[in-house]
Amino acid sequence: MKKMILLTIVSVLVLVFILPVVLSLSLKMIPNNVQPGYNPDIRLSIYKARDFTQKFVAKTDNLTAIGLSIRNPNLKNKSDVIFNLYDSGVTLVRTVTISGMNLEDGSFIKFTFPPITGSLGKEFSFTISSPGAGPEETIEVFIINSKDIASGITEYSYLEETHEGGTPIVTYSKPQSRMSTVAGVYSNWFSRLLHLRSQKSD
Amino acid sequence: MKKILVLAIALRVLVAAFLFHPDIKTFNFQASFLKKGVFNIYTYLTENKKNLSLKDDFVYFPLTYFTLGVNQIVTSPILGGNFDAWLGNADSNSSVTDPNIFKYLLVLKLPYLIADVAIAFLLLNYFDDKKKAKKAFMLWFFNPFTIYIIYVFGNVDVFPALLTLASLLFIKKDKLIWAAITLGIAAGFKLYPILFVPFLIFSGKSVKEKFWLGALPLLVFAAISIPFLSPPFFKSTLVSGLTTRIFNPGFNVGFGESIIVGLALYAALFFYAWLIDKKPIQFNYWILILLIIFSFSHFHVAWLLWIAPFVVMLAVKKPSLSWPLFLLGIVALSIPLFYQDRSMTISLYRVYSTWFDLLPTPFTAIQKFFDPYNLQSILHSLFVGGALTVSYLIFKKGKSEYNRL
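Chains A and B, in that order, give the protein sequences.
My numbering puts the first residue of the first sequence at 16, with every later residue one more than the last.
My numbering puts the first residue of the second sequence at 122, with every later residue one more than the last.
Treat each hint with caution, since some may be false.
What the hints assert, rightly or not - Okay, the calculated bits of chain A under chain B, using three or more residues with CB under 8 Å as the criterion:
#1 43-55
#2 93-102
#3 155-164
#4 178-185
To be verified - In the PhoX-like style, the derived pairs of lysine-lysine whose C-alpha atoms are separated by at most 25 Å in a straight line are:
#5 Lys18/A <-> Lys124/B
#6 Lys18/A <-> Lys252/B
#7 Lys253/B <-> Lys296/B
#8 Lys125/A <-> Lys70/A
#9 Lys399/B <-> Lys294/B
#10 Lys251/B <-> Lys17/A
#11 Lys18/A <-> Lys439/B
#12 Lys439/B <-> Lys251/B
#13 Lys157/B <-> Lys171/B
#14 Lys157/B <-> Lys170/B
#15 Lys125/A <-> Lys489/B
#16 Lys17/A <-> Lys438/B
#17 Lys17/A <-> Lys439/B
#18 Lys18/A <-> Lys253/B
#19 Lys251/B <-> Lys18/A
#20 Lys251/B <-> Lys296/B
#21 Lys162/A <-> Lys125/A
#22 Lys17/A <-> Lys123/B
#23 Lys252/B <-> Lys43/A
#24 Lys124/B <-> Lys17/A
#25 Lys123/B <-> Lys18/A
#26 Lys438/B <-> Lys18/A
#27 Lys253/B <-> Lys124/B
#28 Lys293/B <-> Lys251/B
#29 Lys255/B <-> Lys18/A
#30 Lys189/A <-> Lys439/B
#31 Lys438/B <-> Lys517/B
#32 Lys251/B <-> Lys294/B
#33 Lys252/B <-> Lys17/A
#34 Lys489/B <-> Lys93/A
#35 Lys253/B <-> Lys17/A
#36 Lys400/B <-> Lys293/B
#37 Lys156/B <-> Lys176/B
#38 Lys17/A <-> Lys255/B
Hints were generated in silico from the structure; no laboratory data involved.
This one's a predicted model, so the numbers in the text were calculated from it and none came from an experiment.
No residue lacks a Cβ here, since even glycine has one placed at the ideal position from N, Cα and C.
From just these sequences and the hints, can you work out the full model?
Here it is in structure tokens:
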């Protein structure tokens, strides 16, 4: 029976304290913000020469992915969807191409690229295009009409016009080290655990 | 005894506070309407669906609603004023980052802890041999399976599991009418104890007693359910997992007709009890019924709790089966881990960090080099093989070794 007691204690400790560490160590990137809320009825179509450009300021170093929600109505777009990332000097720094065939309607898509060192505080822009798609095979991005500090979006361009706001994005960065990710997870957890409000009724 | 109890509860509190399955929030959101005076939750949810932030049906039977609802009423001073807002919050991110979540989880899982401890004490009272009784008590408290199933998944199945065990205890004490009533009450939480009723009939000593042993559980269950009878009630409860998964067709015999394997074996067991066994030992049949369910249906991990007290009893009575049962437990528990359902694995840790949303589920990770459905099938087949042998052993020695539990 002593063995069983020991096994149970070890199992619980692994479940509660060790597995979160393993999960943290498995993270190759971490999100820097929560996707801003948006009205699903406000969208812009992307096809042929109609591409979409978004400016944003990176909030962290080692920027490694940008995620956004994209519609692919009736899954008609089967062409390439091209994501180009430019630095403030309008130099192309990263390109990611995905097939429209892998684009589920309304899904959240992450464009992942090799980390950009020194990205913190720098302004970037990205374009999304699908030059092989016709007017019946459009993809669509959602739009918010104001800047968002957390995600860093400032302005967007579409059909040669520039407006404040843009598509609600999530930026991701590569952690500085695996241990820093573990520390980040646990410090967040402890801060809530030790929060006074969690110790008393409201 | 005190030290053991404190250690057992401490381990449970750790798991209860930090691991979160979203179902507990959903059905407690529904149960929260009891303190607002809602009696018939089934029609209320249907009629008000448009205005509710969480639109799921309440899939359990009425006693689950009242138990969880009463817990919220009693503990409302601890839960605090923001609790209802948290329950109704449909944003999956802000609900797990709420600093009060640990307190909420602990309080919401408190009724499970009470039922869990009660099961341990029922097991303690079940065995006449003090050594065996203590072993059963300890084995219930110190095994990783039940802690995981009850407190990770916020498992309401602990209530019918407690009551079916109480029913078995009544049978042992020859209080058959009370056993029948308790089964009916258990079905008021979840339907599965009704499966034991046809076998309970055979324990009756006269035709009259047999009649009441069959009728009483159904009458009690009917008395609990009748006030709620309505299309939403039928839609929410009867078309739930148990009926749709257990009675899932097996193999086609042509012209649109199928043989339901689980049901066929259940029927075979019933006729065996009736025509051959005549005076079946309830414990053996109940555990076999559950082994059939887990062998031939796509079961939810929470269902494993139904059999857990019986497995502890079997392991105590027959120590040579302890490790095989332990192995079967691991296999059974690992099958649902490979379902394509985030809330079975990674999402359980969202309380620690929502960053884990970026990680693939075991299903997705395995998909890169092996068919996860095939892996599930392999594990399930292994379980069926083991369950068949255990069933054979229970049957073979049913009248002797396993009888005097």
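Against the structure, the hints:
1. With a threshold of 8 Å between beta carbons, the proposed coverage of the stretch 43-55 of chain A by chain B holds, since 5 of its residues qualify and at least three are required.
2. For the stretch 93-102 of chain A, the proposed coverage by chain B is not satisfied: 0 residues have a C-beta within less than 8 Å of a C-beta in that chain, short of the threshold of three.
3. Closer than 8 Å: that is the beta-carbon criterion, and the stretch 155-164 of chain A has 0 residues meeting it against chain B, so the requirement of 3 is violated.
4. As drawn, the stretch 178-185 of chain A meets chain B at 0 residues by the rule of a beta-carbon pair under 8 Å; below three, the given contact is violated.
5. Of the pairs offered as hints, the one joining Lys18/A and Lys124/B holds, with about 17 Å between alpha carbons and a cut-off of 25 Å not exceeded.
6. For the suggested pair Lys18/A and Lys252/B, the alpha carbons sit about 17 Å apart, so the restraint of at most 25 Å is met.
7. Distance restraint check for Lys253/B and Lys296/B: the Cα-Cα separation of roughly 22 Å lies within the 25 Å cut-off, and the hinted pair is therefore satisfied.
8. Under the criterion of a C-alpha separation no larger than 25 Å, the hint pairing Lys125/A with Lys70/A is consistent with the structure, at around 17 Å.
9. Simply put, Lys399/B and Lys294/B have alpha-carbon atoms about 20 Å apart, close enough for the 25 Å limit, and the pair holds.
10. Between the alpha carbons of Lys251/B and Lys17/A the distance comes to roughly 18 Å, so the proposed pair stays at or under 25 Å and holds.
11. The straight-line distance between the Cα atoms of Lys18/A and Lys439/B is roughly 18 Å, inside the 25 Å bound, and the hint therefore holds.
12. Distance check on the hinted pair: Lys439/B and Lys251/B sit about 16 Å apart at the alpha-carbon level, within 25 Å; holds.
13. Distance hint between Lys157/B and Lys171/B is fulfilled; the C-alpha atoms sit about 18 Å from each other, no more than 25 Å.
14. Our distance criterion of 25 Å between C-alpha atoms is met by Lys157/B and Lys170/B, whose separation comes to about 16 Å.
15. Among the hinted pairs, Lys125/A with Lys489/B is consistent with the structure: their alpha-carbon atoms are about 19 Å apart, no more than 25 Å.
16. Simply put, Lys17/A and Lys438/B have alpha-carbon atoms about 19 Å apart, close enough for the 25 Å limit, and the pair holds.
17. Simply put, Lys17/A and Lys439/B have alpha-carbon atoms about 18 Å apart, close enough for the 25 Å limit, and the pair holds.
18. Restraint check for Lys18/A and Lys253/B: satisfied, since their Cα atoms lie roughly 17 Å apart, inside the 25 Å limit.
19. Straight-line distance between C-alpha atoms of Lys251/B and Lys18/A comes to about 20 Å, which keeps the hinted pair within the 25 Å bound.
20. The straight-line distance between the Cα atoms of Lys251/B and Lys296/B is roughly 22 Å, inside the 25 Å bound, and the hint therefore holds.
21. Simply put, Lys162/A and Lys125/A have alpha-carbon atoms about 21 Å apart, close enough for the 25 Å limit, and the pair holds.
22. Proximity of Lys17/A to Lys123/B is assessed by CA-CA distance (about 16 Å); at most 25 Å being required, the pair is judged to hold.
23. Distance hint between Lys252/B and Lys43/A is unfulfilled; the C-alpha atoms sit about 52 Å from each other, more than 25 Å.
24. As the CA atoms of Lys124/B and Lys17/A are separated by approximately 14 Å, the hinted pair is consistent with the 25 Å bound.
25. About 20 Å separates the Cα atoms of Lys123/B and Lys18/A, which keeps this hinted pair within 25 Å; it holds.
26. Proximity of Lys438/B to Lys18/A is assessed by CA-CA distance (about 19 Å); at most 25 Å being required, the pair is judged to hold.
27. Taken as a hint, the Lys253/B and Lys124/B pair is honoured in the structure, with Cα atoms around 20 Å apart against an allowance of 25 Å.
28. The suggested pairing of Lys293/B with Lys251/B holds, with an alpha-carbon distance near 16 Å, which does not exceed 25 Å.
29. Restraint check: the Cα-Cα separation between Lys255/B and Lys18/A comes to about 16 Å, which is no more than 25 Å; the hinted pair holds.
30. Among the hinted pairs, Lys189/A with Lys439/B is inconsistent with the structure: their alpha-carbon atoms are about 54 Å apart, more than 25 Å.
31. Of the supplied pair hints, the one linking Lys438/B and Lys517/B holds, its CA atoms being roughly 15 Å apart against a limit of 25 Å.
32. Restraint check for Lys251/B and Lys294/B: satisfied, since their Cα atoms lie roughly 17 Å apart, inside the 25 Å limit.
33. A hinted pair counts as satisfied when its Cα atoms are at most 25 Å apart, and Lys252/B with Lys17/A qualifies at roughly 15 Å.
34. Taken as a hint, the Lys489/B and Lys93/A pair is honoured in the structure, with Cα atoms around 23 Å apart against an allowance of 25 Å.
35. With a C-alpha separation of about 15 Å, the suggested pairing of Lys253/B with Lys17/A holds against the 25 Å cut-off.
36. Using a Cα cut-off of 25 Å, the hinted pair Lys400/B and Lys293/B holds, with the two alpha carbons roughly 14 Å apart.
37. Under the criterion of a C-alpha separation no larger than 25 Å, the hint pairing Lys156/B with Lys176/B is consistent with the structure, at around 19 Å.
38. A threshold of 25 Å between alpha carbons decides the hint, and for Lys17/A with Lys255/B the separation of about 13 Å falls inside it, so the pair holds.
Of the numbered hints stated above, those contradicted by the structure are hints 2, 3, 4, 23, 30, listed in ascending order.
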